[in-house]
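Let's have the full structure, built from the sequences with the hints guiding it.
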Amino acid sequence: ILAPSGALPGSTVTVIVKPDDGYILGSLRVTDESGKRVSLTKEADGSYSFIMPRSAAYIEAEFVSSNPCVDVPASAWYAGAVRDAWANGLIDGVNATHFDPDGSLTVAQAIKLAAALHQRIEDGEVTLKNGRPWYRSYLEYAVEHGVIEESYLDYSDAALNAPVQRDEFAHILYGAANPYTAINEIASDAIPDVRRSDRYADEIYAFYRAGVLNGSDRDGTYHPTSLIRRCEAAAILIRAFDESARMTVTLQ
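Residues in the sequence shown are numbered from 4 upward in steps of one, following our numbering.
Careful, some of the hints might be misleading.
[To be verified] List of simulated lysine-lysine pairs, DSSO-like, C-alpha gap at most 30 Å:
(1) 45 <-> 21
(2) 132 <-> 39
(3) 39 <-> 21
Derived by calculation from the structure, the hints in this document are not laboratory data.
Here it is in structure tokens:
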């Protein structure tokens with residue numbers, strides 16, 4: 004980590020992060036003398052900046068392996084998304100070395116991802132841990148912070164452990180980082196298999212317009228009732244988290 008010393012209160016401090024080979028930045032945190040978090044801004048050149056507080060500033064960085072999962076080939080279209088989502092604490096593997104990119108997600112796992120995304124954006128890190136049952140802490144966090152509706156608290160264990168469809172995945176994730184700035188002009192009913200009257204259509208169209216979703220083919224087909232794969236979830240997560248990763252989408 005490269006940062007100047009002797010910065011005056013109120014001045015802009017630039018932080019340059021240079022991980023060793025085989026590693027990437029997992030998290031970066033700046034606090035003042037009292038332990039209060041100082042807001043960080045990621046610049047276009049990859050550096051970070053913050054406004055120097057009236058006390059000393061402490062910079063902490065965590066570096067993680069750039070390829071944590073042996074079943075994610077470097078050439079795979081989703082490799083970068085899995086790496087970045089994993090490094091930011093947004094998603095983890097099915098075990099220490101495997102990601103299972105073609106595996107599906109349950110409703111409870113989708114809620115966990117949404118809770119992690121919200122906390123990463125709001126707090127700068129993900130500190131949520133498993134509860135009893137394992138998903139309870141994520142479910143309660145997501146409801147408390149308005150990510151999902153309170154009605155999810157009434158879901159049975161079987162419903163929460165059922166595979167999540169792609170339309171509900173968009174619905175669950177949407178509340179984690181809303182609002183989403185539109186960068187694409189997508190007309191109503193332009194998505195071939197999503198009508199404006201369909202379940203969760205508002206969230207799906209908002210994601211297309213923001214470049215978080217781009218469809219499964221040249222026509223922009225979404226397959227709303229199909230199950231979502233873990234590799235697809237990682238790509239959507241990182242686009243929701245990082246505006247620079249969002250996609251240009253054109254639908255006829």
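Checklist entry - Does residue 21 lie within 30 Å of residue 39 when you go C-alpha to C-alpha? => result With a Cα-Cα distance of about 25 Å, the restraint between residue 39 and residue 21 holds, given a limit of 30 Å.
Item to check | Hinted pair residue 45 and residue 21, Cα distance within 30 Å | outcome: Cα-Cα ~14 Å, so holds.
Item to check | Restraint check for residue 132 with residue 39, where alpha carbons must lie at most 30 Å apart | outcome: holds (22 Å)
Of the numbered hints listed earlier, not one is contradicted by the structure.
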